[in-house]
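Number of protein chains: 2
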Amino acid sequence: MTARRRFIAQSAALAALPFIGTRTTRALAAASRPKLGFALCGLGDLSENIIAPSLLKTQRCRLTAVITDSPAKAAVWQKKYGIPARGVYTYDTMAGLADNPDVDVVYVVTPNALHLQHGSAAARAGKHVFCEKPLEISVERCQQLISAVKAANRRLGVAYRCRFEPHHLEAARLARSGELGPLRTIDAYFGFNVQPSGWRLQRGLAGGGPLLDLGIYALQATRYLTGEEPVWVSGLTTKGDAARFSEVEASVLWQARFPSGTVSQCGASYVSAPTDYVRAIGESGSLTLDPAFNYSGIRGVRSDGRPFDFPDIDQFAAEMDDFARCIQEGTPSIVSGEEGLRDVRILVAIYQSARSGAPVKITHA
Amino acid sequence: MTARRRFIAQSAALAALPFIGTRTTRALAAASRPKLGFALCGLGDLSENIIAPSLLKTQRCRLTAVITDSPAKAAVWQKKYGIPARGVYTYDTMAGLADNPDVDVVYVVTPNALHLQHGSAAARAGKHVFCEKPLEISVERCQQLISAVKAANRRLGVAYRCRFEPHHLEAARLARSGELGPLRTIDAYFGFNVQPSGWRLQRGLAGGGPLLDLGIYALQATRYLTGEEPVWVSGLTTKGDAARFSEVEASVLWQARFPSGTVSQCGASYVSAPTDYVRAIGESGSLTLDPAFNYSGIRGVRSDGRPFDFPDIDQFAAEMDDFARCIQEGTPSIVSGEEGLRDVRILVAIYQSARSGAPVKITHA
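Note that the protein sequences, when read in sequence, are chains A and B.
Counting from 6, one number per residue, gives the positions in the first sequence under the working numbering.
Counting from 6, one number per residue, gives the positions in the second sequence under the working numbering.
Take the hints with a grain of salt, since some may be wrong.
Stated by the list, open to error - Derived list of chain B stretches under chain A, where covered just means 3 residues or more per stretch with a C-beta under 8 Å from a C-beta of chain A:
hint, region
1, 184-192
2, 237-244
3, 263-272
4, 284-294
5, 358-365
Unchecked claim - Among the chain B residues that face chain A by a calculated CB cut under 10 Å, a handful are:
hint, residue
6, 96
7, 144
8, 198
9, 277
10, 280
As the list claims (entries may be wrong) - Only part of the chain B face toward chain A is listed, based on derived beta-carbon distances under 7 Å:
hint, residue
11, 54
12, 105
13, 256
Keep in mind that the hints were calculated from the coordinates and are not lab data.
All figures in this text were calculated on a predicted structure; none of them were measured in a lab.
Where is the CB? At the ideal position from N, CA and C, for every residue including glycine.
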């Protein structure tokens with residue numbers, strides 16, 4: 006019975022990952038369609054260490070171009086990934102993407118406050134846009150990016166990798182199934198100790214601190230575990246050492262209320278030992294993901310002690326393949342630009358509450 | 006090295022539990038002093054199932070009297086514990102305790118809002134008062150009880166069992182040692198699904214809901230893990246089903262700020278699967294107690310995976326023996342009436358914040 010239920014849960018979770026099948030099925034499917042060409046826009050650590058290696062593991066995507074202002078980086082990438090000279094762009098020459106049929110999607114991996122500029126440039130060049138989270142640093146800028154991509158009749162997706170991760174899918178299923186009883190409280194946290202340099206600490210580029218960078222994971226979790234939108238938030242921020250935190254908060258905590266009565270308490274921090282967890286407490290049971298937001302090794306357990314175990318997946322490959330699938334099949338993405346906007350609207354309200362010292366009500370469009 | 010450090014930690018923790026020693030030492034010490042006579046005031050489930058059995062395991066205490074308005078209960082207790090007829094009182098005849106030299110301490114286990122009445126009556130009869138938590142339901146009533154006991158030149162203690170529990174002692178030591186780096190965030194929660202009847206759901210007797218009953222554990226933990234007093238709190242409460250929650254909140258969440266910059270998020274709930282944990286996150290490490298507030302089976306683990314394991318102790322025996330020791334040795338109690346007042350002042354501020362929807366600053370006396 007336990008084994009059967011676990012199998013069903015796994016099947017349900019895996020069904021959401023269309024790229025996973027038998028080896029034969031995958032090979033047949035892959036042979037019947039061309040892979041979408043991806044241009045990586047921004048060649049920082051995330052692109053270099055995580056996204057590019059993951060891209061090589063996708064079923065539906067191939068790396069065909071890079072966008073960088075660093076000729077040195079471009080040269081390294083060209084050699085490493087076999088990218089031709091015509092596949093190298095700077096941020097100022099992105100209009101030239103319009104003439105490159107090998108690029109279908111531009112994956113924007115630049116700092117938060119540059120997403121509008123780079124995503125819009127990609128859309129104007131006729132490319133679909135896949136964008137790192139947060140979508141942008143304000144509601145207005147998110148709306149402008151959404152409009153720019155829509156005007157180009159292209160697709161916009163946000164890189165919410167946990168939306169494709171089996172433990173998170175099972176946690177959301179469980180929380181919303183009623184098996185835990187009415188969901189009462191969600192407690193989620195993501196923190197680490199940030200390096201003393203880099204754009205994440207610069208307000209102009211990051212738009213904010215750990216709330217935008219890490220809190221968005223906790224916020225997303227509360228939204229997909231409840232299946233609801235928060236209608237009330239109350240936030241507080243803390244200051245950190247002057248050496249690192251002259252521009253952004255060191256930590257943030259927030260509470261939220263959801264329409265059905267569920268409440269959440271979440272936190273994000275740049276002055277924290279590496280810590281990430283989600284706990285969802287219902288009236289008759291609870292579940293914990295801990296660690297919750299890592300690239301691998303996520304563990305889930307119910308309050309009765311039963312773990313929910315799934316093999317690690319490549320979360321970045323999964324999100325890229327899903328976006329490619331949506332484009333190829335013409336189906337909606339669960340991580341659309343509008344979904345990215347929903348989070349930013351709430352994150353901005355949390356900052357507003359922290360500044361004013363009063364709770365903020367949120368009206369959803 | 007690990008074993009040695011664990012031994013040191015255990016020794017430090019156990020040293021705080023003066024009643025624990027070798028069997029020989031205990032026997033010698035016990036023989037050299039008379040046990041203090043305890044009267045249990047209020048014979049509900051807690052007294053019957055937990056406190057009385059624990060009292061039998063103490064080194065310094067003996068059960069010599071009961072205070073109840075139920076003749077039937079009194080008869081059962083007399084028989085079970087060999088209590089003489091002169092050791093049976095009603096709430097109205099507590100003045101008679103003055104004539105009973107077999108009673109040194111009255112342990113008040115009645116509903117929260119009766120602590121002032123019963124504790125004051127005990128003090129007027131010349132008895133020391135050990136009181137279940139919360140000390141009372143308002144700052145003023147706490148102060149009145151403290152004054153009443155002080156006027157009688159007797160001792161007042163509050164039954165904070167976790168203050169004597171080795172995992173909590175080690176967690177506090179670790180959090181305050183700097184080993185985790187500066188302490189950034191504490192996350193603590195205590196909830197269960199309350200029975201649909203009983204005084205805990207009646208505002209007149211309980212003074213409030215899960216905040217006073219369960220939240221006090223989480224609040225205490227934030228205070229002894231930081232060694233500081235919160236200076237700012239922000240709370241929210243939720244309503245529950247009308248059948249149970251016409252008078253008190255169903256759940257409460259609160260945030261607090263401490264002077265050194267540590268922030269906390271805590272929760273307490275009567276509509277929750279049984280859940281209790283404490284997580285303290287420093288800049289370079291963290292610790293978790295989970296379960297944290299049970300009578301037994303508490304488990305502690307550091308973020309590096311090292312558990313801190315101690316044998317279960319009888320927490321009620323420990324707190325009673327410590328209070329008896331303080332009386333016998335004339336030393337201060339760490340769970341004084343003033344300590345009880347500190348918590349109530351903060352709990353009341355959390356309710357105030359939840360009502361007003363605005364944070365409340367706390368000034369400590």
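Right, here's what the structure says about each hint:
no. : hint    : in the structure
1   : 184-192 : holds (count 6)
2   : 237-244 : holds (count 4)
3   : 263-272 : holds (count 4)
4   : 284-294 : holds (count 7)
5   : 358-365 : holds (count 3)
6   : 96      : violated (36 Å)
7   : 144     : violated (24 Å)
8   : 198     : holds (6 Å)
9   : 277     : holds (5 Å)
10  : 280     : holds (5 Å)
11  : 54      : violated (24 Å)
12  : 105     : violated (46 Å)
13  : 256     : holds (6 Å)
Hints 6, 7, 11 and 12, counting from the list given before, are not met by this structure.
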